[in-house]
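A.B. asks: Each chain, written out:
There are 2 protein chains.
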Amino acid sequence: MDYARFVQGLVKQRDAWPSQGVSLVLLVLDGLGDVRHPRFGYKTPLEVAQTPNLNDLAPRSALGRVMPVDYAVTPGSGPAHLGLFGYDPRDIEIGRGVLEALGLDMDVEGGDICVRANFCTMKGNVVVDRRAGRPEDKVSAEKVKLLQKAIPQIQDVKVTLKAGKSHRFAAVFHGPGLAEGVADTDPHEDGKPLHEPKATRPEAQKSARIIAEFQKRANEALAAHAPLNAILVRGVAEQPRLPGMEERYRLRSAAIATYPMYRGLAKLAGMKVLVTGESVDDEFATYSKTRGQYDFHFIHVKGTDMAGEDGNFDQKVTVIEEVDKALPGLLAQKPDVLAITGDHSTPCCMKLHSWHPVPLLLHSDRCEAGGQLRFTEETCARGTLGTFLSMYLMPMMLANAELIDKFGA
Amino acid sequence: MDYARFVQGLVKQRDAWPSQGVSLVLLVLDGLGDVRHPRFGYKTPLEVAQTPNLNDLAPRSALGRVMPVDYAVTPGSGPAHLGLFGYDPRDIEIGRGVLEALGLDMDVEGGDICVRANFCTMKGNVVVDRRAGRPEDKVSAEKVKLLQKAIPQIQDVKVTLKAGKSHRFAAVFHGPGLAEGVADTDPHEDGKPLHEPKATRPEAQKSARIIAEFQKRANEALAAHAPLNAILVRGVAEQPRLPGMEERYRLRSAAIATYPMYRGLAKLAGMKVLVTGESVDDEFATYSKTRGQYDFHFIHVKGTDMAGEDGNFDQKVTVIEEVDKALPGLLAQKPDVLAITGDHSTPCCMKLHSWHPVPLLLHSDRCEAGGQLRFTEETCARGTLGTFLSMYLMPMMLANAELIDKFGA
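Heads up: the sequence lines are chains G and Y, in that order.
Letter by letter, the first sequence follows residues 1 to 409 of my numbering.
Letter by letter, the second sequence follows residues 1 to 409 of my numbering.
Only chain G is shown next, with the shape it has when bound in the complex (with noise of 0.2 Å):
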């Protein structure tokens, strides 16, 4: 029994939504899980955060966890925002290279092949330096330039190239017959000449010789630029073809998110990347803006994981806090379906992600309300939802908006 086709065929045809329209939102506050340590009292930040207006929510909304990918299993943003989106992560591989283009805001299509490169120091065939003195970003920017004016194509592909920070940059090859299988021309350590970019399974073969003409012409065009004489090539990945957000839900989906990886991500599942400033003020102003254009809107907070990846307790609770103030104005545009929730916990006593379900708040005018006075690790434990995968969510969104088919009659 595959889920995600099961629900997909049981999604109503637009003609049986509400005339209205509807508002589905994932507030998704990054890393929001946490632990009780002694360290910090025994307390998590949601039960230390002042938080007024979602005490105000929690007993009217139905409370729960979500489990990222699996018991015990720790997920990067990329699996854990994919099983928010309704996919099972454990199913999906994004490679290096693409979160790499998505984390520098490239655009990327399905199909699309990935690199992370390197600019490099070559002393005859051999690389001298694998980061080329870790340049000042604004050199290597200028050298970056240069590349994309130099190779703007080859053959039928078409070679897109963003600058990253030092050494770092990526390039996005768009065009027919591409697939990842192509083995790093970085030899991994200095003293070595380049390897060979050879294809690892038969699929790969016309990425392999893109690949390796990128390489000869970059070097050409890099000869006399030293110590940025040459690049290094590695984490060539194919971007995932993913059926989007309408295709399986028919929603008109947007994102709103301050950092590229996650609309990176968002994009990935078909979802339009709406500007936004920088605050989560601005992000709900987003919202209330483009409420009426799209039936579902992904909104990402970054604040609460950066503040668990540093260990900063005090920190989580401010970002926590922030949101709790910004709340009314998102709730003023009455969302059909709010979920709150994370992508993964960070506990501040481990500053890392972790294995740990995420507290989720789950409100509608359909939802199983639990009369649990606060939204925090231990209400969402004993919340009526239980603690359940990710990838059901965004159904379990969906039939709060009353937009999944009865199964039989």
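Just so you know, not all the hints are guaranteed correct.
Short, incomplete list of chain Y residues facing chain G, as computed with Cβ under 7 Å [to be verified]:
id	residue
1	G95
2	R96
3	G386
4	P395
Read the hints as simulated data drawn from the structure, not as lab findings.
These numbers come from a predicted model, not from an experiment.
All C-beta atoms, glycine included, are put in the ideal place defined by N, C-alpha and C.
Add chain Y to chain G, keeping to what the hints say.
C.D. replies: Below, chain Y alone, put in the same frame as chain G:
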């Protein structure tokens, strides 16, 4: 998605483990779980027992329940322990012969064939008493010695025998090309001749020949020893070849158990069986002595199950209190992760193993402490860990020691 294989691929390489090493302890109180019953004042032994040390640990621990096999399924000791050891017990069959051999503390390796055997009395070619008049243990032990001497080997197969209770003994066949699928020679009623040990599948041809030869030579050796003048063989079973703790989790693992069956099950999972004393204190002392040599200790306490099977509520309380009293000795060793649970429930009101989920306490520096004041069936049913299949517990323990890599970036 094969969960076990998925997690196996995520276990960190040992060079990424904490340099000071880790200590994971799985403390199994056999048959721990119970149910409230009017006959016992609607209290369970865990609720009645005085457990100051568990009470102290509970609020700082994550509580939940493990379900040994699946909903509504009552497990035998074999599947119940395999679940706790991280296997899916539905995929593994352990035949009667293997359990008999393990229960007699015999060495059994993957691929060996084990059988249960009886001494019996024959007249002509007819079995007149399948139990040879139920001889005393020491009488049949002598005959086993005689048989072992007469039949040390059959072709390239080593034969090892061990006496059981009364007319029962077990045999282990070790050599190449053996497989289960051999019919019993036991006619299963008196007054019938022995059956042929026919192969029921092609892979078992050699095993069938070995069993036939064993049956023939045993009867020859015993011919003058009536009423123990023949044997019959049943429950021919192959020891499954299971990947061990080290292969799956990179854990150097040891077992501390006073009953042979559990030592045998631990060996099946690739654990080193440690010499220990009879009391819980002795078992915990064995842990303390060997903490630094192993990453994982399985400690088995049998008394709770025996009391449950006897319907002896007070005795079950006593065993729980004995464990509680000994607990500080174990905690003094500061295991990184401690799980206290049972392999299954054995409710006193049923005097049987049951399908009820089993209370679980999981303590670590990164656990989802729930603040519950006691460790009982009821607090566990409302615990932060929820109720899940036993096979998820090992990965949860590894995760709590940060031994599982992040999935995706």
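A.B. asks: Look at each hint and say if it fits the structure.
C.D. replies: Cross-check of the supplied hints:
Of the supplied interface hints, the one on G95 (chain Y) is violated, with its beta-carbon coming no nearer than about 30 Å to a beta-carbon of chain G, more than 7 Å. The interface hint given for R96 (chain Y) is violated, since its Cβ lies 32 Å from the closest Cβ of chain G, which is over the 7 Å cut-off. The closest approach between the C-beta of G386 (chain Y) and any C-beta of chain G is roughly 5 Å, which is under the 7 Å cut-off, so the hint is satisfied. For P395 (chain Y), the shortest C-beta to C-beta distance to chain G is roughly 4 Å, which falls under 7 Å, so the interface hint holds.
In this structure, the hints that do not hold are numbers 1 and 2, in rising order.
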